[in-house]
Structures are given as C-alpha cells and as structure tokens.
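Undergrad: For the protein sequence lines, the chains are Z and B, in the order given.
Quick note: the first sequence uses my numbering, first residue 1, plus one each step.
Quick note: the second sequence uses my numbering, first residue 898, plus one each step.
These are computed hints drawn from the structure, not numbers from a lab.
Don't take each hint at face value.
Pairs of lysine-lysine residues, derived as DSS-like cross-links and limited to a Cα-Cα distance of at most 30 Å, are as follows [stated by the list, open to error]:
no.: 1; chain 1: Z; residue 1: Lys178; chain 2: B; residue 2: Lys940
no.: 2; chain 1: Z; residue 1: Lys176; chain 2: Z; residue 2: Lys132
no.: 3; chain 1: B; residue 1: Lys932; chain 2: Z; residue 2: Lys132
These numbers come from a predicted model, not from an experiment.
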Amino acid sequence: MKEVKITIDGQEVMAQEGKTILEIAIEAGIKIPTLCAMPELGFTPGSCRVCVVEVEGAPTLVASCVYPVREGLIIHTKSERVLQARRIVLELLIASHPLDCMTCEKNGDCVLEDLAYELGVKESRFGRIERKLPLDESNPFIVRDLNKCVLCRRCVEICNEIQQTYAINFGYRSSKTKVIADGDNGLRYSECVSCGQCVAVCPVGALIDKAAQGKGRTWEFTKVKTTCNYCGCGCNFDFNVKEGKVIKVTSNPESVVNGINLCVKGRFGYDYIHRDDRLTTPLIKKNGKFEKASWEEAYQLISDKFTQIKKESGSDSLAVLSSAKCTNEENYLLMKFSRAVLGTNNVDHCARLCHSATVAGLAQAFGSGAMTNSIKEIADASAIYLTGSNTTENHPIIALEIKKAVTKNGAKLIVADPREIELAKYATLWLRQRPGTDVALFNGLMNVIINEGLEDKEFIAQRTEGYEELKKTVLKYTPEVVEKITGVPADDIRKAARIYATAPTTSLIYSMGITQHTTGTDNVLSTANIAMLTGNVGKESAGVNPLRGQSNVQGACDLGALPNFYSGYQKVTDSQVKDKFSKAWGVDLSDKVGLTVVEILNAAYEGKIKSIFVMAENPAMSDPDLNHAREALKKTEFLVVSDVFMTETAELADVVLPGVTIAEKDGTITNTERRVQRIRKAIEPIGDSKPEWKIICELSQKMGYNMNYNNPGEIMEEISQLTPIYGGIHYNRLDDGGLQWPCPDAHHPGTKYLHKDKFSRGKGKFFAVEFKEAAELPDEEYPFIFTTGRVLYHFHTGTITRRSKGLNEIYPEALVEINPQDAEELGVKEGEFVEVASRRGKIKAKVQVTEKSGKGVVFMSFHFHEAAANLLTNSALDPVSKIPEYKVCAVKIQKIS
Amino acid sequence: MTVKDIVNKYKNKRENLLLILHEIQNCHPQNYLSKEDIELLSKEIKIPVSDIVGTASFYSMFSFTPRGKYIIRVCESLPCHLLGAQTIFKAIETKLGIKEGETTKDGLFTLEGTSCLGICSVAPAIMINDEAYGNLDEEKIGKILDQIREKESKNND
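Excised from the complex, chain B in its bound form (with noise of 0.2 Å):
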C-alpha cells in the first residue's frame, strides 16, 4: 500500500495518526519510517512534519533508521532478567554478529531490547515481529533463527 492509500484507510484523520505510521512502517521493506514516507504523509494529511516527527519519536516501536525484516526484541524485564535474559541476548549477538540496535548485512534481522512483553510466565521471553517465543534457551534461539533464515532463502529460490 502507498502512504496515500495507507491515510485514505484511516480516513485521513489525525486520531489515527499512530494507526497510520505503524502501517506506513510495516509497509515499508526496511521497516522504518523513512523522509520520503514522512514528508509524503505530512502532505497527504495535512499534518507538520516536526509534528508528525515529535509524535513518533516519542514512541520506541518507530524507527527512522533502515531496519530487518525481523525485528527479534528481547524482553529486558526483571522475570526475564532473573532467568537469563542477558545470556539470550548474547547468543543473538553472536550467532548474528550484531549488537543491540543493529542489523545484520542481509537486512534479515534487527536486534533490540523492550520492556515487558507482559509473557512473564514463559520468561525469558522474546518477539520476533508478531510472534512471541518463550522459555528460551540459547539452542532454541538457534533453532528459531536458523527456521526464519531457512524459510527466507526458500522464499528466494
């Protein structure tokens, strides 16, 4: 969908402002919230982009910084913490060759940490996109990984 179809689904009102941005982001192959996507928004609605801007900056889930197709982030809660937490983002780390707030070469993944995923009883606990993985340890992280990498180059063949 382009920006303008994007704002003409939520009827180009500006209480929809964030419905609208999370769309245009997940729209977007980097997943992020680039100039062009931003300026063209603030032209269709009517809407300043310092203003547009201020409003999404304020929220972490945006990004104005090229990012993965699979954002993986590592809940950074105590629950999550006590059980490990800290060891599932090492192994990330490694087996990516990433640190947080980074993306891997290919643009597959994007490494971040978040607050409670509110999955407390499956902890330590991550999301990669819409999907929640828990009672991690660094083998599953491997195996989960290995899954969307494989699922990726099929989808390429």
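Chain Z with its partners taken away, still in its complex shape (with noise of 0.2 Å):
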C-alpha cells in the first residue's frame, strides 16, 4: 500500500494510503475520543460523531474512524470547532441520559462520563427527555437499562457479527429507536447465551453485570490477569478483586487466544469461589461421619496408611488420580508422589476418559497427540470438517473462530455429527451418522477421494508409510457401501470427501465424539490418515485438531499423570527415562505400565487396589458405569480425595482434603492448543485450605521424601529440565501471551503448528482401519441408541457450574433430548418424565422434544447428579486407550405417569 505524508495537530506523519485518520492518529499516540467505534474489532459505524474532526479544505467536520487519509490532508483534532461540535453531540446525549452517575454501576469506566467531563459538558441546552424504559432483569446474568443506551450499535455488532447469536437488533425508529432482544422480549427469553459480551462493550452503564451490582466502583477492584480455568479453550481474563474478595471477571483486550470475547461460564461463572459450602478443613471420617480435622493429623493418617499398604500389600496396591483442573506443576508434583514416594506408576486422571484416544491414536500415527494448529488458525483454514464437537456449547470461543471462518472469510464446514448441532447452520454439509460409524465414514471418503484421484501424491510419497495397506482396505469402502453402514447419502459422502481433498487447506476439527468409542484410537487414526491423504497437515490452518475438554487437560497428560508416561511423554519402559528420572528425584523407579482410570476402579472393585489419593477429580460422576464405579471406590481400604466441594467422590473418601481454587493459587495451565499459561493467585486461599501443590509438598514430606519448593515457579524450573518439549518454559517467559510446545530451549519462541517439515516420528504413518459396531447396540428390549455430551451452562460433573448462582437458574435440570417422532411414538411431551434405562442403571429425567436428536437416539449432559446419565454409559473399553464408550449405548425408555 502507498505511504503518504499527512499532518495531524502540527504534527507530520507517514501513513499507509487509505487507513482511517482514526487508525493513524492511534498510531501516532494522538487520542480521538470515540463512543461507537471498536476499530480493534473492525467497528467503525461513524454514527456517534464524536470523532469527528477537521480536515482542511473539507465543507464539513468528517468522522474519524470511517474517513481514509490521502497524501497531503491536514488534520486538526481538537480545534475549537471540532470541541464545540463534540460538546453538542454530548449535550444532546445527555439530554436523554439519566444523570444519576453517583450510583451508577459504570462510574469510572463510563466514556460518557468521560467526555462530559474533558469536555466540560455539564447540562444540556436542550432540556430533558426521559425514556422511563422498565429495567429488564430478566436475564440472571446481566441487567439491561435502556434508558442509559446512547445507540452506539456496539453489542448488536458483537452479538450479531463476532458471537453471531443475533439476539439483539435496533428495532423501531427515531426517538423510539432502541435494542430489542428477539421480537421485543426480555434478554432471557430470547436466543441470547448469555455470553455478556455486549455488557463487555458497552461504554455506558446500560449493560451491567447482575451479580457484581453494589459490590464495588471500578477505582477499588485489583485486576488479576489469570486464565480461564473451565474448558481448553485457554481463554484469559482479569479477576476482580476489592478486599480479598473476587467480584467479577472482566475481558482483558491483550488476551492472545480470545481478546475479549468470554463465554457465560468464563464471565459470570465463578461466584463459586466465594460459595459458603467450600471445604475449609481437613475431614477424617469417624464412625462414618466426617470430622474436622488438623491438618497435621490428617497427614499423619494418610502418611502411615500409604505406608502400612504399601508395606502389606506392595506399592502396586496404591494408586493416584490427578486432575485435568489443577495445575501443571501440581500434576507434576502428583505423579512424581505417586512414582516416587508411593512407587508406583498407577497414576491417572480423566484424560482417559475423554481423549486418551487422541493421544494414543495421533501418536502412532504423527509421534504426538495434541493438536497440530493454533486456535487462530482455524478462522484462515478454506475448508473445516468438524466431526464429533459440539463446539458452541463445548468450546464455545473455538465456535467463534469457525464461524469467522465461514461467514467472514468465505470457508466451507463440512459437520459430521449424530446430532443437529448449531454450527450445522453454518455448515455446508451436514452428514448425520449413524453414532459409532465414523471409521466407516472416513473410510467412504478416503474411498472417493482415492477413486477420483484427489489424494496428495507428493506429501504421500515423501512424508508418509503404509498408504499401499490403507489404500487396500479404504477401497472395500465405497459410498454405497458406507451409505448402508452410517445413514449418510452415497451423494454427500462423495461431496464431502471433494471439498476436504480440493481446499488449500481444510481443517479438521474433532472431539470426544471421535475419542469415546470403543473404537476410539481407530477413529483418531482415521482422522489422521484422511488428513495425511490430503496433504493436511503440517501447515498453517491444516491439520488435525482435537479440542481438549478441560482447562489443563493437555497439560495434565503433558506432565506425566498418565499410568505410561513420564512428563514430555517419556515413556517408563524406556531404561534411559527411568535412569534420568531415578537420578533426578534420588529414588529407584518401576518400569512397569501402570493402571488407567477404569483399571484403577476395576482392580479396586476386585481389592487389589486398596487405597487411592484422588486429587480434584470426581470419578463417582464421571466414570462410566457408576454403580459399579462407585461400589468400588466404596470398597477401597482406605480413599483421600481432595476437592474445593463436597463430590459425591468425596463423600466416599475416609479423609477429604480442602484444596483451592484458581483464584487462590499460581502456576500454569496448558490449553488444547498446546499454550502454557500462567494463572495467578488473586486472593488468599478460603479458610483453612491449601493449594494442591503445598498439599503434595507436605504430604511428601510427611512420609519421608524431601518435596520442597517455595513457589511454582520452582517447580517448573525443575519441570523444564527433564520435560524436553517444556525445556523453554519459565515464567518470566509466560507473561505475555504464553508459550505453546514444543519450546526446547529458553530461546525458542515457542511452536504455532506441528509437524512443518517432519512429524515428530519421522515419517507419518497410515494405519489401515476396518469399521467395527459399538459394543452395545440397540435391539427389541433396548432399543434407544444413548449418547452422552455436555451443555453451554455447566461443566462436568456439574461440582462448581450447579454452585453458581445464576448458571443453575438458567439451566437447572437434567434434559433427555429426543426426536419428535419418537416422542410421539413414545405418547411423551415437552416437560413431561420419562424414565431411562440401561442394563446398567437407570433414572429419572425430563423430556425436552427436540430436531436435535436423531430418530432413535437420546441425548443426555452428565453434569447432573440427580439424573447422573453415567449410570447407564457402558464401561467397554477401546483395547488401546482404554477410554470408554461414553457416546453409544442401548436404553429403553418409559414414560412416568
């Protein structure tokens, strides 16, 4: 673009030819004050005019932010021309502006206020109007005044064009005009998700957050940047605080992975930290009962019972769960515990249970199992396949970047998905198959693209082994054939498999719809044969993405909680890992493969496992099958389990520890796309609990083993040393964005995609995969396909989501989604209750009547414990991950009159 030369309030600058005045004069450092535009988000309306400003020669005072500079203009910013028209635009503002500014909750953070005050506008010439609009208090999370809106446009721009939930518009006209929610309705009920980013943009107090509402003046709140400590999206925000107490979370811009866009549990979920049900002590169980207990004492058991056990019955007898919510150093500290202090490699946590397939499967297929791109990859990618992720609900800032990439850069989305999910609005295609068929599938599509000669022979033939076996196999499945297996037309099969093999570069996108099956790994290596047939993969915005469930779900599997696995992915059996380990931390280490999650509840059931530590997990709610799972942690000889809450895994446990949340601790966390993040502590931990590193240290020293360091930042100095793709992580490297791996050095900056020229096995290998049926499949007696998954408005076993206020009034109850046709079949309506049933379990839920579903399968969330939909999932493992098949099992269903 052509640099001109232009002057802006005396002052000469070269700019590009064609920006805004306002882009330039941000440039230049000069401050235009704007009401409507959000130029960082490419908002520039020109409708609240006061940016406007004088160019000479000009008849009139021209808008800032929309008029683009050319070679010579000369600009003034804050003549008194431009001051005078600026002031008039305030005095008509403001004349219809509630002046109550004194207990306004914006006061301080109000641009409104602002300008009236640099512009030294304190009345209006033109008299007041007043709108008397009622306050719509509808929504739990955010308050609307619309009396306040000065009509900047700014949250029907975020609603519409970034959340694109189109929720909100201007609806009337003239001195009517204002923003409606759906057909003039209250915020709650319309289609809003509650995100709050229009309350992020606001610039006045019409948008407010409900909650936060006295609490505190933006003056008296500390700002703590931290990360988001829900999904693996890795979103960073700041905590609130005013006297020790954390208020509210609001956006910070310099977010690299999200900028200011939260989703409603990211914003308005965390009133959980203050709950006063939080564990404050330690619990040692009593005849039954719990008891408060010292700290001290609570050691002191624990240490001679893991003692005792391991004495009688050998370290084997022990096993760990370490948690996908705490903090990378504190699962390393766990597993080092585990292999170290108690000698044992049965250390796990509940990766296995959502995407132990990705790891298992992606590393034979590439050498590693995380995803191969960045998050802001996939805005830029022409073609995304998104199969088994219902990534609005689950991953819900990920969805925003799929959507950028479809309705603002033209990709096309192919959605491979049992259910109507909403992104299958935006997708192109839309294959519905059958649950549990996608080997089938992916093999349909290679079939065609292999046929119609669209494979990338040159990436084949120079990355890759083992097409000539795929290539056999991939032929037997034509998409006739396919057709009859999944459901999905032969036609769209072909479609799809032309637009994933003829895009520059097609993304795909995968969750645990892919992972939890019994034929989990087989689903993961197909993705990644189909993307390696292609030729995407190792390129910017083409790969294979597997989206990460939990905040630290990829960097509890990065730091070793895994049975297999030292930290980095170092495997146990390897004499040269033991040794550097065994070195490190000054004790003999086994080799042997350790136990997973369900192994672990297993051989607990049968009472070869007699006592397990279970750190911030919840296995009596997540794990499948839970009479069974929670018949076995009943049975174990001795159960310590450390949590923030009361879990129905805690109630099980013969000591609870109270650990912390991520307000009350450092360290970091790793995101799905490999991003190591640092949270901070924002206030002291809540009575007398500990954060979970502390614990480990303690506890370690207790029982004889010197674990001793004075902050997390120690323990990551230790981790980088023996972590080959952490080497370069330190914290003082962390603060400005993070760093995602692999980062082998302390020069390194880190590594946006994988696999550029080389996969990190060498050459990529194809794996042939023939389709096989889920273990469990509908019949006379069962006849209802069940699957499992996860809603917008809680998270997991729901311990903190149903703490939170307003998340548990917006969704409050356990919904069976099932198809209209069904439903009628069933004499079911809306509301109504049905009974669901395995030959496992079963319970009690309400029907919602939805297209969502497909005829003959049932949808649950397993967040609730009154409907816990794990009681009837089948625990059948996939024979190398070990994960299980959470997505497909048979129920029948009754109606309960």
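Put the two chains together into one complex; each comes in its own frame, and the hints tell you how they fit.
TA: Structure representation (structure tokens):
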C-alpha cells in the first residue's frame, strides 16, 4: 500500500493510504475520543459523531473512524470547531441520559462520563427528555437499562458479527429506537446465550453485570490477569478483586487466545469461589461421619495408611488420580509423588475418559497427540471438517473462530455429527452418521478421494508410510457400502470428500464424539489418515485438531499424569528415561506400566487396589457405569480426596483435604493448542484450605521424601530440566501470551503448528482401519441409542457450575433430548418425565423434544447427580487407549405417569 | 397461504422481506404479525427473529398486536387537518366506541392515524384497508361503516 504524508495537529506523519484518520491517530499516539467505534474489532460505523475532526478544505467536519487518509491531508483533532461539535453531540446525548452517575455501576469506567468531563459539559441546552423504559432484569447475569443506552450499536455488532447469536438488534425508529431482544422480549426469553460480550463492549451503564451490582466501584478493584479454568480454550481474563474477594470477571483485551471474547461460564461462572459450602478444613471420617481435623492429623493418618498398605500389599496396590483442573506444577508433583514416594505408575486422570484415544492414536500416526494447529489458524482455513464436537457449547470461543471462517472468510464447513448441533446451521454439508460409525464414514471419504485421484501424491510419497495397505482397505468402502452402514447418503459422502481434498487448507476438528468409543483409537487414526492422504497436516490452518475438554487436560497429560509416561510423553518403560528421572528424584523407579482410571476402579472392585489418592476429580460422577464405579470406591480400604467442595467422590472418602480454586494459587495450565499460560493468585486461600501443590509437598515430607519448593515457579524450573518439550518454559517468559510447546530451550519462541517439515515420529504413518460396531447396539428390549455430552451452561460433573447461582438458574435440571417422532411414539410431550434405563441402571429426567436428536437416538448431559447419565453408560473400553464408550449404549424409555 | 408458501412465493430471498411481511400480515385473520408467524418465518428464511422484528418495527404499517379485519387510517396531514380530520376521528371514535390504536370488540375495525395519503384534493380523507375515501363528513363516515357492517353480517349468514 502507498505511503502518504499527512499532518495531524501540526505533527507530520507517514501513513498508509486508505487507513482511517482514527487508525493513524492511534498509531501516532494522538487520542481521538470515540463512543461507537471499536476499530480493534473492525467496527467503525461513524454514527456517534464524537470522533469528528477537522480536515482542511473539507466543507464539514468528518468522522475520523471512517475517513480514509490521502496525501497531504491537514487534520485538526482538537480545534475549537471540533470541540464545539463534540460538545453539542454530548449535550444531545445527555439530554435523554439519566444523570444518576453517583450510583451508576459504570461510574469511573464510563465513556460518556469521561467525555463530559473532558469537554466540560455540565448540562444540556436541550432540556431533559426522560425515556422511562422498564429495567430488563430477566437474564440471571445481565441487567439492561435501556434508558442509559446511547445507541452506539456496539452490543448489536458483537452479538451479531462476532458471537453470531443474533439475540439483539435495533428496533423501532427515531426517538423510539431501542435495542430489542428477539421480538422485543426480556433478554432471558430471547436467543441470548448470556456470553456477556455486550456487557464487555457497552460504553455506558446500559448493560451491567448483575451479580457485581453494589459490590464495588471500578477504582476499588485490583485486576489480576489469569487463565480460565473451565474448558480447554485457555481464555485469559481479569479477576476483579476487592477486599480479598473476587467480585467479577472482566475481559482483558490483551488475551492472545480470546481477545475480549468470553463465554457465559468464563465471564459469569466464578461465583462458586466464595460459596459458603467450600471445604475449609481437613475432614476425617470416624464411625461413618466426617469430623474436622488439623492438617497435621490428616497428614499423619494418610502417611501411616499409605506406608502400611505399601508395606503389606506392595506399591502397586496404591493408585493416584490426578486432575485436569489442577495446574501443570501440581500434576507434575502428583505424578512424582506417585512414582517417587508411593513407588507406583498407577497414576492417571480424566483425560483417560476424554482424549486418551487422541494421545494413543495421534502418537502412533504423527508421533505426538495434540492439536497440530493454533486456535487462531482456524479462521483462515479454506475448509473445516468438524466431527464429534458440539463446539458452540463445549468450546464456545473456538466456535467463534469457526463461525468467522465461514461467514467472514468464506470457508466451507462440513459437519459430521449425529446431532443437529448449532454449527450445522453454518455448514455447507451436514452428514448425520449413525453414532459409532465414524471409521466407516472416514473410509468412505477416503475411498472417493482415492478413486477420483484427489489424494496428495507428493505428500504421501515424501512424508508418509503405509499408504498401500490403507488403500487396499479403503477401496472396499465405496460410498454405497458406507451409506448402508452410516446412513449418510452416498452423494453427500462424495461431495464432502471433494471439498475435503480440493480445498487449499482443510482443518479437521474433532472432540469426544470421535474418542469416546470402543473404536476411539481407530477413529483418531482415521482422522490422521484422511489428513495425510490430502496433505492437510504440517501446514498453517490445515491439520488434525482435537479439542481438549478441561482447562488443563493437555497439561495433565503433558506432565505425565499417565500410567505409561513421565512428563513430556517419556516412556516409563524406557530405561534411559527411567534412569534420568531416578537420578533427578533420588529414588528407584518402577518400569512397569501402571493402570488406567477404569482399570484402577476395576482393580479396586476386585480388592487389588487398596487405596486411592484422588486430587480434584470426581470419578463417582464421571466414570461410566457409575453403580460399579461407586461400589469400587467404597471397597477401597483407604480413600483420600482433595477438592474444593464435598463431591460425590469425597462423600465416599476416609480423609478429605480442602484444596483451592484457581483464584487462590499461582501456576500454569496448558490449553488445547499447547499454549502454556499463567494462572495468578488473586486472593488468599479460603479458610484453612491449601493449594494442591503445597498439600503434595507437605504430605511427601511427612512420608519422608524431601519435596520442597517455595513457589510453583521453582517447580516449573525442575519440569523444564526434565521435560524436553517444556525445556524453554520459564515463568519470566510467560507474561506475554504464554508459550506453545514444543519449546525446547530458553530462546525458542514456541511452536505455532506441528509437523511442519517432519512428523514428530519421522514419517507419518497410515493405519488401515476396518469398521467395527459399537460394543452395545440397540435391540428389541433396549431400542434407543443413548449418547452423552455437555451443555453450554454446565461443566462436567456440575460440582462448580451447579453451585453458580446464575448458571443453575438458567439450566437447572437434566434434560433428555428426544426426536419428535420418537416422542410421539412414546406418547411423551416436552416437559414430561421419563425413565431411561440401560442394562446397568436407570434414571428419571425431563423430556426435551427436539430435532437435534435423530430418530432412535437420545442425548443427555452428565452434569446432574440426580439424573446421572453415567449410571447408564457402558464401561466397555477401547482396547488400545482404554477409553470407555460414553457415546453409544442401548437404552429403553418409559413415560412416568 | 401458510408462511412457508409465502416465503417460497418470494423465492426465500432477504430482499423480499418487506413484501413477505406484508403478505403474512394480510393473511392473518387479525391483520398482524404474530409471534408464531415471525418465528416460523425466521426458520424458513433463516433470518434471526431480532433482525425481522428490528426491520418490521421500523415501519408503522406493521403491527405486533392483533387488529380488526378492517383498518381505518385517518389522514393526519395538514390539508386534512385544516378540513376537519379531527372531526372525522371523533365521529369514528363515537360510532365504534374505540380510541386511536384500539380495535372493536367484534374484531371488525381498528382505528389508526396515518401520514399523508396523497389525495389532498379530496381532503379530509381516510383509507379502509386498500380503499380510499375522500370529501368526508360525519354522515358519510357513518354510511361507509354501516355498509361494511352490513356486508359482514350478510357474509356471516
């Protein structure tokens, strides 16, 4: 673009022709006030007229946010004429704006207030006009006071163009113009998903965080930048702290992953921190009842018991469940505790239940099991194949990137999902496969690609091995054969295959719809196959991208909370690795691969595992076939649980230790795109609770092993020494957006996308995979397929989200989603109760009749203990990764009269 | 015609939204855009409800509350005002027992004001649905309304 010379306020500036005056002014450090424009989001409507400037030779003042610069412009941003115009705009605005600034929540952070102050506008010459619109308090999180609205359109812009929920718009006209939700209803009754993006951009007090009302003025808050602890997106935000309490969450525009975007859980779901049912002291069960205890008592008891059991039954009768909700440092310490102190590799965590198939499958095919691309690359992909991920609800911020790719950048989206997820609306093609038939569908796609000669021959020849074998297997799966298996029309398979193979960059995104099957590893191998076949891996915006569920499930895997790996996926069976850790930790280590989550519980059921230490996990809700899992936990001789609330698992424990939330500790967590980011302590631990890393250290000391760190930063130093992929991760490098592993040394900038010129394992490996049916299929007695997942408003076992007032208000109970046809045949209507039963258990829940579920398929989330979906699920395991089949089992449904 | 038929008639195109809304309103026995119709339309044409209502609410010819079968629009522009539009208003209000913006109990008439109808030469003027009436006075108004009532009661027999 051409460089031009312009003059702003007497200062000569070189600028790119075509940029707006506002942009150039920002670059030159000249402040032009704006009320409606958000240039950083590409929103410059030029409507508020506050940003007007004087351009010499122009007949009128111009709005700087829309006026492009050209050679020789002479601009005045603060001339008397400009200031006079701005004052009049202000006077017009405040004529109808309530002047209750003293009690307004926005006081101190209000653009209108700042402008009035700057321009010295004390009153309006136009007389007062009162709008007297009623307050909209229908939404549990957001209060709308349209009397204060200045009609800048920022909220409408972010809702419609970025969030793309289209809940609000301008309605009516002239003096009656106002922002309407749907057909002018309360926000609660509209399409609104309560993300609060509108609250983040509102320049005045028209949109307010409901829960924070009256709890502090802007200037009283200390802002602590941290990373969200819900899903794996890894959004950053600021905790606003006053007098030792987290009052609210606000966006931090410097966040790399999310900018100012946040979802409902991230923005409004942290009120659980100060719930009064937090665990505040250690508890020891005596005669079936919990009694308060001191830390010393608790440590002594645990130490004695663990030592005794280790002596009597051997190290491998102990097991540890680590946590994807805890920090990298804590996961590292806990696996160290397990291996160095207890002496067993029986350490695992809930990644087993969500993405162990990814770790197993992608490690075999590529050499490492993580998202190959970064989140920001999604928006630039020319095609996206989304399968087994209800991204809108489970990874809301990543869904925004997908929507951006489709609606702003013209990407083609193919959705392959048995459920009509929200993103199906954005899809060029929606393939509704029968649950559990993903391998067949992938083979069908590859069949078309090979038959039509669309494969990337060069990539296959140079960078892969095992192609001929794959080809042989895949050629059996013609679109017609696959249509019979999956129910997806053969023509759609052809169309999808062509899009996948011919787009310049295709990003494959998947989640637990792919992994949570007895064929989970096969499914993952298939994703790798199709990506390599079309040369769509190792490139920017093209790759295989598993979305990890929990905030630190990537990190918990990275740091070796797995029975077969030390940190950085170093094998426990490798003697060199073992020697390295043995030397560093000063103990002998076992080279026997340990047990996985479900195997640990099965062994506990059989009495082979005597004791389990559970850190911030809730297997009594999250594991499949809950009756069995709960029985197993009860059978342990000694169960220790550390958590922030009394969970279903903690209820069964002998000792409960009070842990802390992310607001109360320092550390790092690793998001789904391998980005290691800081969490920062905002408040002191509640009551007598302690950060988990301290608990592990103190317990180790008690058991006679010297584990002593002053802070988590020191733990990271040890991690970086022992873990090649984290080799360059140091706290002083993480302040500016974190680092993406592999980051082998202190000068490495981190890795944006994986496998650029070479796969981690050398050549990428094709695996010929045959289709296998799910372990349990519907039959006459149990005629429905039952599939599980999450909803936007809750997280996992509901321990924290169901304690969040607003989240629980908006989504208070479990719903069974049933197709309208099935509902009619069963004679049930929306809102009626049904009993859903499998061979393993039964639950009662409310019916939601929806086209989202295909005929013969019912869906339920697993957040609700009173209708725990996992009482029904099948604990049949994938033979390689040992992931249970949460996504398919057979159930029957009966109306409850 | 159903909402779906109307959307198809206008080729499911966003640029035809106003025509579609008019037709949906006209097809509704109560002469308005019901919540149900708007939701159906939103699904068919794939335009969010907030966008449809945002568009429709800009225009005074659309209503979101039920109205009568006959909508009487009294011209409120200057020529009609000078020639007695207020008298016409009052005459109708008295005759039908409703005020501006209201609908008669039998669901037959709704009374509205309107900006210039463009037939100032015959002021004061009104429109009843698509028919225009000019050179009005109290007596004429009475007759017009009686005729409609008569026609309607015959239709019902």
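Undergrad: A separate judgement is required for each hint: does it hold in the structure or not?
TA: Tested hints:
Taking the CA atoms of Lys178(Z) and Lys940(B), the gap is about 24 Å. The hint holds against a cut of 30 Å. Restraint check for Lys176(Z) and Lys132(Z): the C-alpha separation of about 12 Å stays at or below 30 Å, so the hint holds. Between Lys932(B) and Lys132(Z), the direct Cα distance comes to roughly 25 Å. Compliance with the 30 Å bound is thereby established for this hinted pair.
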